[in-house]
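Just so you know, the sequences run in chain order A and B.
Residue numbers for the first sequence follow the UniProt record's numbering, beginning at 1 and rising by one.
Residue numbers for the second sequence follow the UniProt record's numbering, beginning at 1 and rising by one.
Quick caveat, the hints were computed from the structure, so don't treat them as lab data.
Mixed in with the good hints, there may be bad ones.
[As the list claims (entries may be wrong)] With a straight-line Cα cutoff of 25 Å, these simulated SDA-like cross-link-like pairs (lysine to any residue) come out:
| id | chain 1 | residue 1 | chain 2 | residue 2 |
| --- | --- | --- | --- | --- |
| 1 | B | K145 | A | G394 |
| 2 | B | K145 | A | H319 |
| 3 | B | K145 | A | D354 |
| 4 | B | K145 | A | L353 |
| 5 | B | K145 | B | P131 |
| 6 | B | K145 | A | L16 |
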Amino acid sequence: MTEHHDQPRNPLSDALSAAEHSAAARAYEVPVELVRTRARRRRAGRTAAAAGALALVVAGVAVAVPRLADGDGGLRLAADADAPAQCSVSPAQIRAGDGVVGADGGDGGWVVETRVVPGTLQPARQGRWAMAVSTSADMQAADYVGTPLGGSIATSVVLVRDGAVVAVLDGSYDMSLEEARSVAVDMQPQPFPLDVDLAGTFVSCETGEDAVLDAGTYELVATSTIRFGLAARGSDVPGDSYDARSTSEPLQVVVPAGSSTPLAGPTTCGATDDELRDLADPQTNPAPLLLSARSVPRTAASGKNLSLQLAVTNDGPAHIDARTGYPEVVLVREGVVVGGPGPIEAIGIDLSLDPGASTPLDAGTLLLSCTDDTTPLEPGDYEIWALSTFTPLGPDGARETDADDWSAAAGPWPLQVTGDAVVDDQMPGLLEMTCGTSADELAQWAAITQESPLAVEATAAPADGALSVTVTNSGDVPVTLLPDHLSAGLSDGEQVVGMGLTAMYDATTTTLQPGESTTFSTTYSDPEGCDGPLSTGTYDTWAALGVTVDGTPSTLVAGPVPVELATP
Amino acid sequence: MGDDDVLATLARERGRALFGYAYLLTGQAHAAEDLVQEALVRTFARRRVGFTPDSAEAYVRRAILSTFLDDARRRQRWSGVRHLLGRHDEPARDPAPAVGAVLDVRAALATLAPQERAAAVLRWCEDLTVPEVAARMGLAVGTVKRYLSTAGHKLEALLGPLPDDETVPLTSGRTRP
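Given these sequences and hints, build the entire structure.
Okay, structure coming up:
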């Protein structure tokens, strides 16, 4: 636990514990089955979603997401846990939930109608569909004064055959009126008709996975849930709000034999590298942000993590604010994506780059076959490619409303995948050597380090201000090292009483062939005592090298090296 | 351990802790439930190899934070627009309720803007350093310092003095190999 001396008590220090043990927390249980189902569904749609294949592109779409697990109005699970909820009801039952309801429970005389716009429909046996769903609102007695304004809260699209729902557009959501009344939404009201452009793959009710449809005739049915109100003339602020749920008349759609769209996205498993090459070429990709390599390993072990450091550069003439995430990394062989992209933590990274400026981006993937994400890649030669998508941001940090995302790729970089796992669990974990770290613990860590496939030797001479650590690959397969820092601790025989230095490395990956060595060294001149100036005398110097070994963060410890401090 | 087992273990053993974290960020129980659920879905939809409950918890916590911040940014975009419905999920910014319950930390946090709240929770509840907070939030250190400065003034008015932001932890936790 971190200690602060001479500081006021932190009134927030117990807040996490208090929240964890609050009445609300005690009453809370993770809806494990619901999470599983949603995760499976999202995983199944990952390929398409990663390339933005499912998109809601329209003004007037609610920003807030409905709560999914809140009581009876929440997500309804189908009998098959992998299938969307809409699969468990009949088309007649879908329509039965339609209506308009206002705050007083009445419909205010409003009539709401939804339709699939025929000219927008792009069917496919397998892969991506596209369509537009339009919803209008009018009064039975059309003599109102003002303008109805509203927005779409949720849209669901299903395919029906022989009177049963057979597939559901991935990511679409059928929200009941009851649930609509219970959720808060955040939207910019728009005039009617409310048009929602949809694109995505259908999920089979039979398998819960991406649908491969039989050729033939289907009925397409869309259900829209909206919120709207009547704005006085000259105002853009609606008055009393109404929620409406409306289901379209079935639209006959013919799915021809052999029709399929390619799976979206250049990092999709099985995709050719053509699009990656286009996205990496400034001649064919006008994006003002360029992706490039700072540190890319040439050798890595099959099944293990591949870590690389990239850089994004503003290649345009103006300052750019944008948001991105960790780049996707794929392995290509014979022009086809065969590995990656691995699991990527979904975080937003904000960039603020003047013209010509760069910033680093860490990236990585597990060296696994993308066909099942579990089988290690076969040893051999591959090419590494990386892909990033950037969302332009306005001055207020929000997404630019009229701007499209940019994509940029970088590569190819050759990679030799070896068949042997190099380090597995043989490497030490992480140790932060600091004041008070015991000599026993450091000795134990040094022993563990020596048992690893790396031999580490330290030399130190504070009088000369030098500390070096030599790392030798004592194994029989190549090892990649990405150094982070090198620290020296001066011990009085019991614990660290002085810290010599902490050198931060400009991270560059080094590959050590069997028997090869590399030396990390730095200089310092004024070791600091933990409790004031160090007295003269003999100390033990311990070296702690923070380094990522074949994707595994580790602290290599070497020592002790006796040193004599002649002057305090 | 398979992902399903990891999820079940994580939910059983750390579900309340995750909820507590989300509860501090959102200030509302229902919002916290949604946040935890979405973070779990994001995490377990993406990661299937080499997961342990411990490592999964770290990712879920990060997903909680990023989901919360993303949502806050979206809300920010529409903050100037009057909504169709009066009800709103955002916690009240009015400090008065917190003054009435001086030591109610959650109420005090609820007076902060979302980014300030996230920075405050990471810095003073999770005890991260300012650079660590910046890394978690994907922001520059200077931006985080500004958030913390603003948040600190608001919180100190309600809760009393906070530790100096420049404090350097004297000891740090370690993990065994």
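Which earlier hints can't be squared with this structure? Violated: none.
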